[in-house]
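*Asks:* Sequence:
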Amino acid sequence: MMIQPPFKLQTASHFGIIQPEIQTFCNFFNEAMASDSRVIASVLITKCKDLFEGLSSLVDVGAGTGTTIKAIAKAFPHLKCTVFDLPQVVPDLKGGGNLEVVGGDMFEAIPSANAVILKR
Numbered sequence: 004m005m006i007q008p009p010f011k012l013q014t015a016s017h018f019g020i021i022q023p024e025i026q027t028f029c030n031f032f033n034e035a036m037a038s039d040s041r042v043i044a045s046v047l048i049t050k051c052k053d054l055f056e057g058l059s060s061l062v063d064v065g066a067g068t069g070t071t072i073k074a075i076a077k078a079f080p081h082l083k084c085t086v087f088d089l090p091q092v093v094p095d096l097k098g099g100g101n102l103e104v105v106g107g108d109m110f111e112a113i114p115s116a117n118a119v120i121l122k123r
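Quick note: the sequence shown uses my numbering, first residue 4, plus one each step.
Fair warning: there could be bad hints in the mix.
[Stated by the list, open to error] With a Cα cut of at most 25 Å, we get these calculated BS3-like pairs of lysine-lysine:
(1) K97 - K83
(2) K77 - K52
(3) K52 - K73
(4) K50 - K122
(5) K83 - K50
(6) K83 - K52
(7) K73 - K122
(8) K50 - K73
[Claimed, not checked] Computed spacing ranges between beta-carbons, pair by pair:
(9) G99 - S38: 20 to 28 Å
(10) I25 - G57: 39 to 47 Å
(11) F28 - P80: 21 to 29 Å
(12) E56 - T27: 19 to 27 Å
(13) D53 - D108: 28 to 36 Å
(14) I25 - G106: 26 to 34 Å
(15) G107 - S59: 32 to 40 Å
(16) V46 - L89: 25 to 33 Å
(17) E24 - G57: 14 to 22 Å
(18) G57 - P114: 14 to 22 Å
It is worth saying that the hints were derived from the structure and are not from the lab.
Note that the Cβ used here is the ideal one computed from N, Cα and C, for glycine as well.
The task is simple: from the sequences and hints, build the whole structure.
*Replies:* In structure tokens, the structure reads:
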């Protein structure tokens, strides 16, 4: 299977791409991003934990599946953590405890928090 460029994925109906190919690409992409996020979260939690001192809330903008912020929420239960991404990205994610899931557009508004995570 050839993975299509993002433009073609966005306009899939115009290029005859079938839904299973798009879903397969999305699954690969999400797992790659989550893998990177696990490394980042581990470093933040173990080597940079003083960054979280004095914070009561944190929002991860463009969080995807929320891998980074979920790990932070688990490590710092006093911290109100928010997964924030486009509504179509977060519908199946579950919040609970000190973790909230919010769908929205970062170019319109970002949930209020003491600090924001923006990572590529």
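*Asks:* Against each hint, give a clear statement of whether it holds in the structure.
*Replies:* Hints and how they fare:
1. K97 - K83: OK: K97 and K83 at ~15 Å, within 25 Å.
2. K77 - K52: Distance ~13 Å between K77 and K52 Cα, so the pair holds.
3. K52 - K73: Between K52 and K73 the Cα gap is close to 15 Å, so the pair holds against 25 Å.
4. K50 - K122: holds, 17 Å
5. K83 - K50: holds, 21 Å
6. K83 - K52: holds, 15 Å
7. K73 - K122: Given pair K73, K122 holds - Cα atoms ~15 Å apart, limit 25 Å.
8. K50 - K73: holds, 17 Å
9. G99 - S38: 20 to 28 Å: holds, 24 Å
10. I25 - G57: 39 to 47 Å: holds, 43 Å
11. F28 - P80: 21 to 29 Å: Violated, at about 35 Å.
12. E56 - T27: 19 to 27 Å: Hint violated: Cβ distance 42 Å, outside 19 to 27 Å.
13. D53 - D108: 28 to 36 Å: holds, 32 Å
14. I25 - G106: 26 to 34 Å: Violated, since I25 and G106 (Cβ atoms, about 20 Å apart) do not stay within the stated range.
15. G107 - S59: 32 to 40 Å: violated, 21 Å
16. V46 - L89: 25 to 33 Å: holds, 26 Å
17. E24 - G57: 14 to 22 Å: For G57 against E24, whose Cβ atoms are near 47 Å apart, the range 14 to 22 Å is violated.
18. G57 - P114: 14 to 22 Å: This hint holds: roughly 19 Å between Cβ atoms.
Hint check: violations occur at hints 11, 12, 14, 15, 17; the rest are consistent with the structure.
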